[in-house]
Amino acid sequence: AQSVTQPDIHITVSEGASLELRCNYSYGATPYLFWYVQSPGQGLQLLLKYFSGDTLVQGIKGFEAEFKRSQSSFNLRKPSVHWSDAAEYFCAVGAQTGGFKTIFGAGTRLFVKA
Amino acid sequence: DVKVTQSSRYLVKRTGEKVFLECVQDMDHENMFWYRQDPGLGLRLIYFSYDVKMKEKGDIPEGYSVSREKKERFSLILESASTNQTSMYLCASRRDAGYGYTFGSGTRLTVV
Chain C
1 AQSVTQPDIH ITVSEGASLE LRCNYSYGAT PYLFWYVQSP GQGLQLLLKY FSGDTLVQGI
61 KGFEAEFKRS QSSFNLRKPS VHWSDAAEYF CAVGAQTGGF KTIFGAGTRL FVKA
Chain R
1 DVKVTQSSRY LVKRTGEKVF LECVQDMDHE NMFWYRQDPG LGLRLIYFSY DVKMKEKGDI
61 PEGYSVSREK KERFSLILES ASTNQTSMYL CASRRDAGYG YTFGSGTRLT VV
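Top line first, the protein sequences correspond to chains C and R.
The first sequence begins at 1 in this note's numbering and counts up by one.
The second sequence begins at 1 in this note's numbering and counts up by one.
A few of these clues could be false.
Using 20 Å as the maximum straight-line C-alpha spacing, the simulated PhoX-like pairs for lysine-lysine come out as follows [claimed, not checked]:
#, chain 1, residue 1, chain 2, residue 2
1, C, Lys-49, C, Lys-68
2, R, Lys-70, R, Lys-55
3, C, Lys-49, R, Lys-3
4, C, Lys-101, R, Lys-57
5, C, Lys-61, C, Lys-113
6, R, Lys-70, R, Lys-57
7, R, Lys-53, C, Lys-101
8, C, Lys-101, R, Lys-55
9, C, Lys-49, C, Lys-101
10, R, Lys-3, R, Lys-70
11, R, Lys-55, R, Lys-71
12, R, Lys-71, R, Lys-57
Don't read these hints as lab results, they were simulated from the structure.
All chains, please: the whole structure from these sequences, using the hints.
Right, here's the structure in full:
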């Protein structure tokens with residue numbers, strides 16, 4: 001079955017510290033992979049996406065993610081977190097050929113402490 | 001940038017009312033989607049549309065219907081609102097699968 005797992009419901013990091021949010025997926029074919037961010041009371045915003053090629057992808061707001069096929073993972077990273085990064089982050093996968101559905105993980109809420 | 005506009009940020013409706021949630025996108029996207037978001041359950045797909053007058057059921061279509069008469073507008077209809085439909089509703093559009101979604105700001109619906 002297709003699924004996306006974000007093992008951490010919430011994470012707290014200090015401002016200026018590095019961040020890694022985990023995402024594991026189960027998908028029959030090579031998927032598209034996405035990370036979205038949601039600020040409180042807002043819709044989701046696309047941070048970055050992976051199709052193929054270079055397994056390290058750069059996104060907006062200084063985020064990057066690395067696709068590891070052998071581990072079925074697509075972890076999101078940021079070298080230095082800012083207080084404004086506090087939000088909920090969603091990993092998502094979708095089919096590259098055919099299909100319209102995108103499967104979202106349950107989300108990881110990031111808290112940033114001063 | 002693509003903009004997806006949801007007509008209401010907050011709505012309060014009574015049980016049994018017919019409720020319309022409107023969504024408009026301005027970049028000529030073929031595909032539009034309605035999700036609901038609930039704590040602990042993530043995003044769940046209600047309906048989607050890949051063309052005008054076309055619609056497909058998502059994972060939780062019961063109690064909902066949709067309308068897409070024009071390419072830019074995708075409406076979600078709660079035929080008879082119930083308290084278990086209290087939720088955040090998110091509309092999204094995209095060009096195709098590889099482009100990711102553009103989401104609206106959401107409509108927080110409370111059914112009392």
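Report task. Compare the distance between the alpha carbons of R/Lys-70 and R/Lys-57 with 20 Å, and conclude whether the hinted pair is satisfied. Result -> 19 Å, holds
Requested in this report: Below or equal to 20 Å on CA atoms is what counts here, so check C/Lys-61 against C/Lys-113.
Outcome: Roughly 19 Å separates the two Cα atoms, so the pair holds.
Query raised in the report: For the pair supplied as a hint, R/Lys-3 and R/Lys-70, is the alpha-carbon distance within the 20 Å limit?
Result: Roughly 16 Å separates the two Cα atoms, so the pair holds.
**Report entry** 20 Å Cα cutoff - pair C/Lys-49, C/Lys-68
**Finding:** Within the cut-off at roughly 14 Å; holds.
Query raised in the report: Is the straight-line distance between the alpha-carbon of C/Lys-101 and that of R/Lys-55 20 Å or less?
Result: 13 Å, holds
Query raised in the report: Are the Cα atoms of C/Lys-101 and R/Lys-57 separated by 20 Å or less?
Result: With a Cα-Cα distance of about 11 Å, the restraint between C/Lys-101 and R/Lys-57 holds, given a limit of 20 Å.
**Report entry** R/Lys-70 paired with R/Lys-55 [C-alpha distance capped at 20 Å]
**Finding:** 12 Å, holds
Query - 20 Å limit on alpha-carbon distance, applied to hinted pair R/Lys-71 and R/Lys-57 - result: 18 Å, holds
Requested in this report: For the pair we were handed, R/Lys-55 and R/Lys-71, check the Cα-Cα distance against 20 Å.
Outcome: With a Cα-Cα distance of about 12 Å, the restraint between R/Lys-55 and R/Lys-71 holds, given a limit of 20 Å.
Query - R/Lys-53 paired with C/Lys-101 [C-alpha distance capped at 20 Å] - result: 19 Å, holds
Query raised in the report: Is C/Lys-49 close enough to C/Lys-101, meaning Cα to Cα at most 20 Å?
Result: 16 Å, holds
Query raised in the report: For the pair supplied as a hint, C/Lys-49 and R/Lys-3, is the alpha-carbon distance within the 20 Å limit?
Result: 19 Å, holds
No hint from the list above goes unmet by this structure.
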